[in-house]
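Work the whole structure out from these sequences, hints included.
Number of protein chains: 2
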Amino acid sequence: MSKIKENSTHQANKNSLGEICTEVYAINLLSGQWTLAICCHLFEGRLRFGELKKRIPQITERMLTLQLRKMEEDGLVTRTVYPEVPPRVEYELTESAHELKAVFQQLEAWGDRHKARL
Amino acid sequence: MSKIKENSTHQANKNSLGEICTEVYAINLLSGQWTLAICCHLFEGRLRFGELKKRIPQITERMLTLQLRKMEEDGLVTRTVYPEVPPRVEYELTESAHELKAVFQQLEAWGDRHKARL
DNA sequence: ACTCATACTTACACAACTGTTAGTATCCTA
DNA sequence: TAGGATACTAACAGTTGTGTAAGTATGAGT
Numbered sequence: 007m008s009k010i011k012e013n014s015t016h017q018a019n020k021n022s023l024g025e026i027c028t029e030v031y032a033i034n035l036l037s038g039q040w041t042l043a044i045c046c047h048l049f050e051g052r053l054r055f056g057e058l059k060k061r062i063p064q065i066t067e068r069m070l071t072l073q074l075r076k077m078e079e080d081g082l083v084t085r086t087v088y089p090e091v092p093p094r095v096e097y098e099l100t101e102s103a104h105e106l107k108a109v110f111q112q113l114e115a116w117g118d119r120h121k122a123r124l
Numbered sequence: 007m008s009k010i011k012e013n014s015t016h017q018a019n020k021n022s023l024g025e026i027c028t029e030v031y032a033i034n035l036l037s038g039q040w041t042l043a044i045c046c047h048l049f050e051g052r053l054r055f056g057e058l059k060k061r062i063p064q065i066t067e068r069m070l071t072l073q074l075r076k077m078e079e080d081g082l083v084t085r086t087v088y089p090e091v092p093p094r095v096e097y098e099l100t101e102s103a104h105e106l107k108a109v110f111q112q113l114e115a116w117g118d119r120h121k122a123r124l
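Sequences listed follow chains A and L, in order. Residues in the first sequence are numbered from 7 upward in steps of one, following my numbering. Residues in the second sequence are numbered from 7 upward in steps of one, following my numbering.
Hints listed in this document are in silico derivations from the structure and should not be mistaken for laboratory results. Certain hints may be false.
No copy labels: a pair is met if it fits in one copy or bridges any two.
Stated by the list, open to error - Computed list of lysine-lysine pairs in DSSO-like fashion (alpha-carbon distance at most 30 Å, straight line):
| # | residue 1 | residue 2 |
| --- | --- | --- |
| 1 | Lys76 | Lys11 |
| 2 | Lys60 | Lys20 |
| 3 | Lys11 | Lys107 |
| 4 | Lys60 | Lys11 |
| 5 | Lys11 | Lys121 |
| 6 | Lys9 | Lys121 |
| 7 | Lys20 | Lys121 |
| 8 | Lys9 | Lys76 |
| 9 | Lys59 | Lys76 |
| 10 | Lys76 | Lys20 |
| 11 | Lys76 | Lys60 |
| 12 | Lys9 | Lys20 |
None of these values were measured; they are calculated from a predicted model.
Structural data, given as structure tokens:
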């Protein structure tokens, strides 16, 4: 999120696992603390920065910015800036990200079952 | 992994999101760096500590221990100790964890498609 | 001239996660 | 008596992720 040292052992392991194993690659894209929450709210349509903030009250502006930037880099959202004042910026899920909906449903179903067993 | 401060804002946010949203709960169980790798190797059957180590050459003994302990806590693996010398300890996926196989396949399929689009 | 709204950015501190190195107990074998 | 095998554990340091608080630019409205 801040700067990453590409030459650290930690990062090297993460990268090589992600290259070998596509599940790891996918999980790495989704493991930011707020990533899923943002996705869920954007499933229903594009939203402005401020609207997202309202819907996820606990998130700070800083984290929202950082997560959205990373999601943009990872090809999960698109960012549209309207040259107005005050500024207006809208975020929308990419096609790829919309296809996550099915994965999330399965994950949710598994989670429910797992919780019930404990 | 080490001690967690239950009263930190970070942890509080993580917990509350996990309680509200089952997908987040599930992702939290799977987001350890080596969790998926361990799962994949255990899908085929129970393995000893040393066998896991051999199959995941980059992992250190420390991390393997920590991850397995967390997975045990989370209800993903069972640990069986045989009172022998030298010690023998076997790890096996729980039923719940075995059901993750389907989720992983979907995740992998999504990851492949997503990679292809970038 | 002053405030307001929006979408950020910056600097700092802390928390969580991971890696490195060295050590432990026990019995068996040579 | 010494060394090997196994599954750890402890102490420490580094890297990454997250939270807090404050500030920025711009033009419209008062």
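Structure-based check of each hint:
no.	hint	verdict
1	Lys76 - Lys11	both (16 Å within a copy, 27 Å between copies)
2	Lys60 - Lys20	between (33 Å within a copy, 18 Å between copies)
3	Lys11 - Lys107	neither (32 Å within a copy, 33 Å between copies)
4	Lys60 - Lys11	between (34 Å within a copy, 27 Å between copies)
5	Lys11 - Lys121	between (37 Å within a copy, 23 Å between copies)
6	Lys9 - Lys121	between (36 Å within a copy, 23 Å between copies)
7	Lys20 - Lys121	both (28 Å within a copy, 17 Å between copies)
8	Lys9 - Lys76	both (12 Å within a copy, 28 Å between copies)
9	Lys59 - Lys76	within (17 Å within a copy, 33 Å between copies)
10	Lys76 - Lys20	both (16 Å within a copy, 19 Å between copies)
11	Lys76 - Lys60	within (20 Å within a copy, 34 Å between copies)
12	Lys9 - Lys20	both (15 Å within a copy, 23 Å between copies)
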